[in-house]
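There are 2 protein chains.
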Amino acid sequence: MKQTRILLSESEIPTHWYNVVADLPKPPAPPRGPDGEPLDPSAMLAIFPENIIEQEISAERWIAIPEAVREIYQQWRPSPMHRAHRLEQVLGTPAKIFYKNESVSASGSHKLNSAIAQAYFNKQAGIKRLTTETGAGQWGSSLALAGQMFGLDVRVYMVNVSYQQKPFRRSMMQTWGAEVLASPTELTRCGRKILADDPGNPGSLGIAISEAVEEAAGRDDTKYSLGSVLNHVLLHQTIIGQEAKKQLEQVGEYPDMIFAPCGGGSNFAGLAFPFLADAASGDKAPRLVAVEPASCPSLTRGHYAYDFGDTEGLTPLTLMYTLGHDFMPPSIHAGGLRYHGASALVSQLYHEKLIEAISVPQIATFEAGITFSRCEGIIPAPESCHAIRAVIDEALRCKESGEAKTLLFNLSGHGHFDMASYDKYLSGDLENYAYPEAAVNAALAHLPLGELAE
Amino acid sequence: MKQTRILLSESEIPTHWYNVVADLPKPPAPPRGPDGEPLDPSAMLAIFPENIIEQEISAERWIAIPEAVREIYQQWRPSPMHRAHRLEQVLGTPAKIFYKNESVSASGSHKLNSAIAQAYFNKQAGIKRLTTETGAGQWGSSLALAGQMFGLDVRVYMVNVSYQQKPFRRSMMQTWGAEVLASPTELTRCGRKILADDPGNPGSLGIAISEAVEEAAGRDDTKYSLGSVLNHVLLHQTIIGQEAKKQLEQVGEYPDMIFAPCGGGSNFAGLAFPFLADAASGDKAPRLVAVEPASCPSLTRGHYAYDFGDTEGLTPLTLMYTLGHDFMPPSIHAGGLRYHGASALVSQLYHEKLIEAISVPQIATFEAGITFSRCEGIIPAPESCHAIRAVIDEALRCKESGEAKTLLFNLSGHGHFDMASYDKYLSGDLENYAYPEAAVNAALAHLPLGELAE
Chain U
6 MKQTRILLSE
16 SEIPTHWYNV
26 VADLPKPPAP
36 PRGPDGEPLD
46 PSAMLAIFPE
56 NIIEQEISAE
66 RWIAIPEAVR
76 EIYQQWRPSP
86 MHRAHRLEQV
96 LGTPAKIFYK
106 NESVSASGSH
116 KLNSAIAQAY
126 FNKQAGIKRL
136 TTETGAGQWG
146 SSLALAGQMF
156 GLDVRVYMVN
166 VSYQQKPFRR
176 SMMQTWGAEV
186 LASPTELTRC
196 GRKILADDPG
206 NPGSLGIAIS
216 EAVEEAAGRD
226 DTKYSLGSVL
236 NHVLLHQTII
246 GQEAKKQLEQ
256 VGEYPDMIFA
266 PCGGGSNFAG
276 LAFPFLADAA
286 SGDKAPRLVA
296 VEPASCPSLT
306 RGHYAYDFGD
316 TEGLTPLTLM
326 YTLGHDFMPP
336 SIHAGGLRYH
346 GASALVSQLY
356 HEKLIEAISV
366 PQIATFEAGI
376 TFSRCEGIIP
386 APESCHAIRA
396 VIDEALRCKE
406 SGEAKTLLFN
416 LSGHGHFDMA
426 SYDKYLSGDL
436 ENYAYPEAAV
446 NAALAHLPLG
456 ELAE
Chain Z
6 MKQTRILLSE
16 SEIPTHWYNV
26 VADLPKPPAP
36 PRGPDGEPLD
46 PSAMLAIFPE
56 NIIEQEISAE
66 RWIAIPEAVR
76 EIYQQWRPSP
86 MHRAHRLEQV
96 LGTPAKIFYK
106 NESVSASGSH
116 KLNSAIAQAY
126 FNKQAGIKRL
136 TTETGAGQWG
146 SSLALAGQMF
156 GLDVRVYMVN
166 VSYQQKPFRR
176 SMMQTWGAEV
186 LASPTELTRC
196 GRKILADDPG
206 NPGSLGIAIS
216 EAVEEAAGRD
226 DTKYSLGSVL
236 NHVLLHQTII
246 GQEAKKQLEQ
256 VGEYPDMIFA
266 PCGGGSNFAG
276 LAFPFLADAA
286 SGDKAPRLVA
296 VEPASCPSLT
306 RGHYAYDFGD
316 TEGLTPLTLM
326 YTLGHDFMPP
336 SIHAGGLRYH
346 GASALVSQLY
356 HEKLIEAISV
366 PQIATFEAGI
376 TFSRCEGIIP
386 APESCHAIRA
396 VIDEALRCKE
406 SGEAKTLLFN
416 LSGHGHFDMA
426 SYDKYLSGDL
436 ENYAYPEAAV
446 NAALAHLPLG
456 ELAE
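Chains as they are written, first to last, in the working numbering: chain U, 6 to 459; chain Z, 6 to 459.
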């Protein structure tokens, strides 16, 4: 019987998160204020507790995972790794395809890894409430559940267009006890300003972040929680890659190439960063490929410059690949990849050519997702379909060349709440959105410090 | 660190299905024709292949699981068992609560266990197409995926009201390549007859079965596939209970009571039957409790009599607990439990007092599901909420009495496609449907052989 699933025991849940900062060729560039001056980390205390800020700026290679967090991880971790024998067979490729299955968490994606950790550290710091934003709903639902598990109240600013289109992600958050608001709201100064200018504004991730940050900054009992982009969020996801290494070792494999969807970066970093440690130690060097949407390609088409993380300019300035903080990405169905920038760490690694990036068009990602689901059963999230598209393309190149490469990708989530998108694909109604060059150029003209990146 | 999840390795996937017929105190009553005469099994050849009929009538205790079926099972099996520490703590009960997690299959429920087996045996028998019915969509989506994996075309007659209310279960089946029709259709004699009498008929499971059976009986390349009720379907599910026994052994436990939702019976049988083997060998005897909806309580309020499995009377007559084949159950959200009868095997065991049954009202089941999801993360299917309600009630009785009972239940599926039902609960719009006594009495007056059961 061919082995299709590679499991680890509970005792093999990683005990530490891996911090890639320890292995960077040079230290990360500091965040800056709107005046361009380097910011002291204490500037973040208004929205994050001290223990989270310590992780955000740490250069320690290994950071211990608290036992209470590992105990909850155990409800679905170690997550399974699968060998996609049936997909290989359908493609007729000599490549070996493996995937790490993060869709098995209760919230349906890798996002729960960081949500549990953030809720824990906020609870430890005496915080009572968390605010956050959500687009596709994967992060919001993860934080709703994590808040519930640690007795924290959670308020989610959900991008209005998603709130309307994805009522069941909203129900999921409410089932787990969170309060969900359609953003922009009348509750924040920033929301009121946007609605005054444009009463029908559909919202965006950047706007929702502005609202959640504004609220947290204004209340002592409340902090803000972010689902990607920041160093500590990427850190929490590195359990994915650590487990994946052990699972491949168990079957005597090591990946030639690793693929993961890339929006803010936590999905990609979670799988790829622990393999960078091998490259840093001169041991082995798999090619690490971030896969972005063709219509929102921050790494492959953006500028490497200081920019805001949100639309309104409430966050610190970070050195990153950006399409401009006021760029409004097209309404692709992979809501988790609809973000103007990329995390500072992923950006730095890309800038230093330690990782690669490619972009893929929307329709081709759903085509890949359908092929995958008919072979492997699991219906992938639209974000995950981006990695699957890239893996299938590489496997087909291997078919041409006869190379038996070992390919690994992150099946970051399931698509149970994205079936309306699959419906659109199946009925031929899905758009393919070209790269919105004019809109990006307009947004890049507003870079707060101009092109002074380096 | 408390252990919350109990895993088995791939090599521990059961090699045989357990056939409870071998351990019954007396042989099952034979199916009968509409004239009341016992039917020869060959009468089923019009709708089932011979290898499935052999399983249906077998009295062998152990039936080997083909390697090709076990290989696909491996994509999600052995399924995890969880100890619900957090739920126990919230309830403040001395009881230990374990659940078998069947929600991890690609289709989201235990139904895939039998779908894979049925698709395999039909493929072996040279069949090209399968027809089936689905209500809530869990069975239809499971058969869609199984058909895809073995290269069989699948047509699903989906109860019209579900087709309208659960478009995403429909999308899921289409993603896996199945054809989905809203039943009643104009394609079958039975569908046309019903639509002629009542053009707005919302459909029912009984009608959809009639249509799927009629089509299969009329085409040589096509057979019919059923998701519950029949002996071979219950047989395929017994891997659940076999795995559960091993998992409890691993932590030194044995259940005092086992709970599972009960509609047709495959969910209950899958978990409970392997424990009946212990009772039969005089070894141990856990209490086995089937949990039904208060508004469709075939075991607790039905008659033990011969009746049809479908609305139109196309199936053989089976000795079972029934509310009458033309009883139309209220529109509860646990679509998988909206069936007028119970399987012959479950009915016989209940009649011989080897198992117990209770019924629970709808609102209380969702209340239990919410409590569970806030402790354990997983949002349960409305069917599974029935078992959870019963377990919570028992755990609270243990709190009163101080007994530290070991309780086990079947978390048969997740509720990702049932969030509209959770929405209704959360907004206070859910109905509680009383037992529809007059409608049941009217239907029971139409029992085809009258009260001649025994």
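In case anyone wonders, no lab produced these hints; they're calculated from the structure.
There could be a bad hint or two in this list.
It does not matter which identical chain is meant; a pair holds if it fits inside one copy or across any two.
Straight line, CA to CA, 20 Å or less: simulated EDC-like cross-link-like pairs of lysine to aspartate or glutamate [claimed, not checked]:
1) LYS251 <-> ASP261
2) LYS429 <-> ASP288
3) LYS404 <-> GLU456
4) LYS429 <-> GLU184
5) LYS128 <-> ASP202
6) LYS133 <-> GLU191
7) LYS404 <-> GLU442
8) LYS7 <-> GLU17
9) LYS410 <-> ASP283
Just so it is clear, the structure is predicted and the values come from calculations on it, not from any experiment.
Okay, the hints, checked on the actual structure:
For the homomeric pair LYS251 and ASP261, the shortest alpha-carbon distance inside one copy (16 Å) is at most 20 Å, but the shortest distance between copies (38 Å) is not. Within a single copy, LYS429 and ASP288 get their C-alpha atoms no closer than 45 Å, and across copies no closer than 56 Å, so neither meets the 20 Å cut-off. Taking the closest pair of Cα atoms, LYS404 and GLU456 never come within 20 Å of each other, the shortest separation being 43 Å inside a single copy and 67 Å across copies. For the homomeric pair LYS429 and GLU184, the shortest alpha-carbon distance between copies (16 Å) is at most 20 Å, but the shortest distance inside one copy (30 Å) is not.
Taking the closest pair of Cα atoms, LYS128 and ASP202 never come within 20 Å of each other, the shortest separation being 38 Å inside a single copy and 62 Å across copies. In the homo-oligomer, the alpha carbons of LYS133 and GLU191 never lie at most 20 Å apart, since the shortest distance is 23 Å inside one protomer and 59 Å across protomers. Proximity of LYS404 to GLU442 under the C-alpha cut-off of 20 Å is found in neither arrangement, the shortest distances being 34 Å within a copy and 65 Å between copies. Taking identical chains as interchangeable, the C-alpha atoms of LYS7 and GLU17 lie at most 20 Å apart only when they sit on different chains, with a minimum of 14 Å there against 23 Å within one chain.
For the homomeric pair LYS410 and ASP283, the shortest alpha-carbon distance inside one copy (18 Å) is at most 20 Å, but the shortest distance between copies (50 Å) is not.
Figure legend: structure checked against the earlier numbered hints; hints not met, in rising order: 2, 3, 5, 6, 7.
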